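Single-letter residue listing:
Number of protein chains: 4
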Amino acid sequence: MARRINLNADIAEGWGAFDIGDDAALMRIITSASVACGFHAGDHTTMHRICMLAKELGVSIGAHPGFNDLWGFGRREIKMKPADLEYMTAYQIGALQAIARYAGLSVTHLKAHGALANMAANDEGYAMALARAIKVVDPSLIYVALAGSEMEKAGRKLGLRIAREGFADRQYEEDGNLASRSIPGTVFREPGKALEQALRIVEKGEVVARSGKVIKVEVDTICVHGDEPSAVEVAKTVRAGLDKAGIEVVTLPELIGSR
Amino acid sequence: MARRINLNADIAEGWGAFDIGDDAALMRIITSASVACGFHAGDHTTMHRICMLAKELGVSIGAHPGFNDLWGFGRREIKMKPADLEYMTAYQIGALQAIARYAGLSVTHLKAHGALANMAANDEGYAMALARAIKVVDPSLIYVALAGSEMEKAGRKLGLRIAREGFADRQYEEDGNLASRSIPGTVFREPGKALEQALRIVEKGEVVARSGKVIKVEVDTICVHGDEPSAVEVAKTVRAGLDKAGIEVVTLPELIGSR
Amino acid sequence: MARRINLNADIAEGWGAFDIGDDAALMRIITSASVACGFHAGDHTTMHRICMLAKELGVSIGAHPGFNDLWGFGRREIKMKPADLEYMTAYQIGALQAIARYAGLSVTHLKAHGALANMAANDEGYAMALARAIKVVDPSLIYVALAGSEMEKAGRKLGLRIAREGFADRQYEEDGNLASRSIPGTVFREPGKALEQALRIVEKGEVVARSGKVIKVEVDTICVHGDEPSAVEVAKTVRAGLDKAGIEVVTLPELIGSR
Amino acid sequence: MARRINLNADIAEGWGAFDIGDDAALMRIITSASVACGFHAGDHTTMHRICMLAKELGVSIGAHPGFNDLWGFGRREIKMKPADLEYMTAYQIGALQAIARYAGLSVTHLKAHGALANMAANDEGYAMALARAIKVVDPSLIYVALAGSEMEKAGRKLGLRIAREGFADRQYEEDGNLASRSIPGTVFREPGKALEQALRIVEKGEVVARSGKVIKVEVDTICVHGDEPSAVEVAKTVRAGLDKAGIEVVTLPELIGSR
Chain A
1 MARRINLNAD IAEGWGAFDI GDDAALMRII TSASVACGFH AGDHTTMHRI CMLAKELGVS
61 IGAHPGFNDL WGFGRREIKM KPADLEYMTA YQIGALQAIA RYAGLSVTHL KAHGALANMA
121 ANDEGYAMAL ARAIKVVDPS LIYVALAGSE MEKAGRKLGL RIAREGFADR QYEEDGNLAS
181 RSIPGTVFRE PGKALEQALR IVEKGEVVAR SGKVIKVEVD TICVHGDEPS AVEVAKTVRA
241 GLDKAGIEVV TLPELIGSR
Chain B
1001 MARRINLNAD IAEGWGAFDI GDDAALMRII TSASVACGFH AGDHTTMHRI CMLAKELGVS
1061 IGAHPGFNDL WGFGRREIKM KPADLEYMTA YQIGALQAIA RYAGLSVTHL KAHGALANMA
1121 ANDEGYAMAL ARAIKVVDPS LIYVALAGSE MEKAGRKLGL RIAREGFADR QYEEDGNLAS
1181 RSIPGTVFRE PGKALEQALR IVEKGEVVAR SGKVIKVEVD TICVHGDEPS AVEVAKTVRA
1241 GLDKAGIEVV TLPELIGSR
Chain C
2001 MARRINLNAD IAEGWGAFDI GDDAALMRII TSASVACGFH AGDHTTMHRI CMLAKELGVS
2061 IGAHPGFNDL WGFGRREIKM KPADLEYMTA YQIGALQAIA RYAGLSVTHL KAHGALANMA
2121 ANDEGYAMAL ARAIKVVDPS LIYVALAGSE MEKAGRKLGL RIAREGFADR QYEEDGNLAS
2181 RSIPGTVFRE PGKALEQALR IVEKGEVVAR SGKVIKVEVD TICVHGDEPS AVEVAKTVRA
2241 GLDKAGIEVV TLPELIGSR
Chain D
3001 MARRINLNAD IAEGWGAFDI GDDAALMRII TSASVACGFH AGDHTTMHRI CMLAKELGVS
3061 IGAHPGFNDL WGFGRREIKM KPADLEYMTA YQIGALQAIA RYAGLSVTHL KAHGALANMA
3121 ANDEGYAMAL ARAIKVVDPS LIYVALAGSE MEKAGRKLGL RIAREGFADR QYEEDGNLAS
3181 RSIPGTVFRE PGKALEQALR IVEKGEVVAR SGKVIKVEVD TICVHGDEPS AVEVAKTVRA
3241 GLDKAGIEVV TLPELIGSR
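Residue numbers (my numbering), protein chains in the order written: chain A, 1 to 259; chain B, 1001 to 1259; chain C, 2001 to 2259; chain D, 3001 to 3259.
Heads up, some of the hints might be wrong.
Unchecked claim - Listed next, the in silico BS3-like pairs over lysine-lysine satisfying Cα-Cα at most 27 angstroms (straight line): (1) A/Lys55 - A/Lys236; (2) B/Lys1081 - D/Lys3079; (3) B/Lys1153 - B/Lys1213; (4) D/Lys3193 - B/Lys1079; (5) A/Lys55 - B/Lys1081; (6) B/Lys1153 - B/Lys1081; (7) A/Lys81 - C/Lys2157; (8) B/Lys1081 - D/Lys3081; (9) C/Lys2193 - C/Lys2244; (10) D/Lys3135 - C/Lys2055; (11) C/Lys2153 - C/Lys2204; (12) A/Lys157 - A/Lys79; (13) C/Lys2135 - C/Lys2193; (14) A/Lys81 - B/Lys1055; (15) B/Lys1079 - D/Lys3055; (16) C/Lys2079 - A/Lys79; (17) B/Lys1135 - A/Lys55; (18) A/Lys135 - B/Lys1055; (19) D/Lys3055 - C/Lys2135; (20) D/Lys3055 - C/Lys2081; (21) D/Lys3193 - D/Lys3213; (22) C/Lys2055 - D/Lys3081; (23) A/Lys81 - C/Lys2081; (24) B/Lys1081 - B/Lys1157; (25) C/Lys2081 - A/Lys79.
Just so you know, these hints were derived from the structure itself, not from any lab.
As the structure is a computational prediction, the values presented were derived from the model and not from experiment.
Whenever a hint applies, use it, and build me the whole structure from the sequences.
See below:
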């Protein structure tokens, strides 16, 4: 199995005077940052700060577009026309590309946020809207997609590079979907448990589903979270454990290839 | 004197379900469009529509950044840190660059909107913030600036291309500033009067100020407006009159030079 | 059958420099105005203007709450917690109550806007959220509800006054729902056709459904629209026809009773 | 001198998923809360939560209107028409009044936020706009104003109740204005120093200005802050010290009188 993996997290989700998450801690753990682009969170100034830090730390950056729903933090499901979503995604990519020039960085991936990611995983129209925005604005961008989702299909259809995403700290169902957060115990707050799942994903390409059944998962990038103190601890433990196991934790362009 | 001139207008200032100005009419009169980029007005969808139309009509496009003040339509003076303004401007340029790819167009100029333009004309910090955003994101962008303003100085300081802007339908004061809109008669709603001033600017490099004194103005681009029906009539008359006088009305990159 | 009816319209849906609909014309046709409260559209200044005009014209006013989705004009379906929706509705009612004091008017009804109205018609959680906001902020408010909808049920459950709403310019299905706008011919742009349906609703309590079947509809208030020129013509014709037929067109509190 | 004083703080300045300040701690120290109303910060849900907590703790509540500038957190100076500001203020008061009904509370004061407060202290137009909004929406509201400011004058002109505000943790200049935050040492982070100034204000009606000169200040309410951990410590110390000195710390309506 793979001895190389990417670690990604959602970053730069403050806005104006508002702050959220522990970017400074997470940026030292991950190798790729999905940067909020001003719609569900993030603004020009937080984006600038994170791009400079990414340059310093050697972290690759991607656009993290969300619904234009700041109040809902992009977590509310919204029905809109795929064409509007597509242009809205293109807009967010471009905004980050411009800010990234301050750090001399290229934007190298796209990962949808929150409710948009959930909906696009199951809705062909949304998944294709994201893929088309990539195709037009920069076809070399890596499309981060839940393995087996409509996003992965849309990306393959348009010939995009894909990074299949998995989770260390979330329990899976037998069908490969994540178990609902509302089921107790499906979010792993115990660092050792998250590391165990991360290692199993990387070394064996499998996870133990909620039912106890072992299922196959093919994963290029593991998502860690930073929005609660325990999450940063989990992320640290996962990273340290992967390092100790001799697994190379690399950026997305190092893993998937770049232009 | 110059036998070539550019005609520009502010475009794409609708937002969501809201519409403003007569873009379709103006786009057929002007040769360069300053496209609102989502902060004071404009959104991904209006920007997309205008980029496609600009391609069709051979109009060059520029970013038209404004304050992040949708309610005030960018017309309220706001005090903010120049660094925040700079990143905010970079963000808006990048957003338009991405959308412009749908039309295969490059963004070739930047013109500040409303209160931002007024403040940057007189404030070195703001003027330099705009100039630095250009320098970082795309140093080939033409910086549209009121002749003699802090914007022109900032642009020259950073070695940017400058287009000096003049007005056909606004009266000047002796010092080269525009007379306040609050003084009756300083906005020319009579098309013939606007054309007369436009021709005098282009052919003689001068205008008759409010006091009656003739002053020198060096102008590369004349701004026309579209936010009232009379303004579109004024713009049409100015364009037709320039054409008739044998003055070549060209895009900004044709006039100033492009990369 | 009833010889009295209310005519209502959505009003004050401009925002900042943006304008939409022909408020001045509609306000002279209707007897009750549903005033946008700043979330999907409307702002303090448009609300103030409409309240003063309502006072002058003897039009009663109601809150017209929508989703916090200005870009989508409240027309995008959004999933959110009913409790958040409830407080958001209470907030919007209170805002209008305060502005109405400038005109010495009371807010006397509530009518949900756009996607919120559509969702609340079929979702008990949303319908109850609106009803509870009324109950807490001012239980004398009349809850405007599609006849037979979850909104009507929620209002009755909490003992609220209800005004059942019908449409002059929209075709019905046999089950009492409105036919989809996407079916050609289901929006009546011909004023005579809208008047015919309005009279049939008021005089006979029935409409001819799309299938040709005559169905019963019990209606207290007929909604007219103002967002296109033909709609204002339709509204004028409906109002004139009702007047001519000797039907009294009254405000909602006159019809339903007030505190 | 007065043996009674009010302690107030800005509260409920989160928004959506974003949180700011330590409301839970501050609400147990103060006797009056100035509740952000959705424009510079605060939303229907945070307002609801704070109103319920205020009821439980016996804290009186007031509206804390700010500029419609969420990104700037109401800290950017904005030039706008006083009439627009007035309606915007009325809107915010009404919104809070409606939410307060959930707790069975009345809104009893108004205190402007951030840049609006700073500008209104020195600008008659802004100060009168706030006063007129109070006069129209609820003339019994107590107008919290910097002593000697345009706000105090505007309130007196319209016959409003006034509460003059002072600061425990900020140094004064000889003229009674606050010393600029940019001067080192003018923000007291040492709790004992803040308590000393609070006691001097309450017991002697004076402060030691930055120059060393003792000046008179007449104060009804002392503002404490919660936006940094040290500030909460300062507030706690001030409250405990006032209690220990036998000074009664009361709500604004208890101090100034209510309807």
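Handout entry: Given pair status - B/Lys1055, A/Lys135, alpha carbons within 27 angstroms
Key = holds (19 angstroms)
Exercise for the section: Could you grab the alpha-carbon distance between D/Lys3135 and C/Lys2055 and see if it respects the 27 angstroms cut-off? Expected result: holds (19 angstroms)
Handout entry: Given hint B/Lys1081 paired with A/Lys55 - CA-CA distance at most 27 angstroms
Key = holds (24 angstroms)
Handout entry: Agreement of B/Lys1081 and D/Lys3079 with the hint, judged by alpha carbon distance not exceeding 27 angstroms
Key = holds (16 angstroms)
Practice task
Sort out whether D/Lys3081 lies within 27 angstroms of C/Lys2055, counting only the CA atoms.
Solution key: holds (24 angstroms)
Handout entry: Hinted pair D/Lys3055 and C/Lys2135, Cα distance within 27 angstroms
Key = holds (19 angstroms)
Problem - Hint consistency between B/Lys1081 and D/Lys3081 [alpha-carbon to alpha-carbon, up to 27 angstroms] - result: Holds - the C-alpha atoms of D/Lys3081 and B/Lys1081 are around 23 angstroms apart, at most 27 angstroms.
Exercise for the section: Please work out if C/Lys2079 and A/Lys79 have their alpha carbons no farther apart than 27 angstroms. Expected result: Measuring from Cα to Cα gives roughly 9 angstroms; hence the hint holds.
Handout entry: Given pair status - D/Lys3055, B/Lys1079, alpha carbons within 27 angstroms
Key = violated (38 angstroms)
Practice task
Mind checking the alpha carbons of A/Lys81 and C/Lys2157 for me, to see if they're no more than 27 angstroms apart?
Solution key: Not OK: A/Lys81 and C/Lys2157 at ~36 angstroms, beyond 27 angstroms, violated.
Exercise for the section: Measure nothing beyond the straight line between the CA atoms of C/Lys2081 and A/Lys79; if it is 27 angstroms or shorter, mark the hint as holding. Expected result: holds (16 angstroms)
Problem - Restraint status (C-alpha distance of D/Lys3193 to D/Lys3213 at most 27 angstroms) - result: holds (17 angstroms)
Checked against the numbered hints above, the structure violates hints 4, 7, 13 and 15; every other hint is satisfied.
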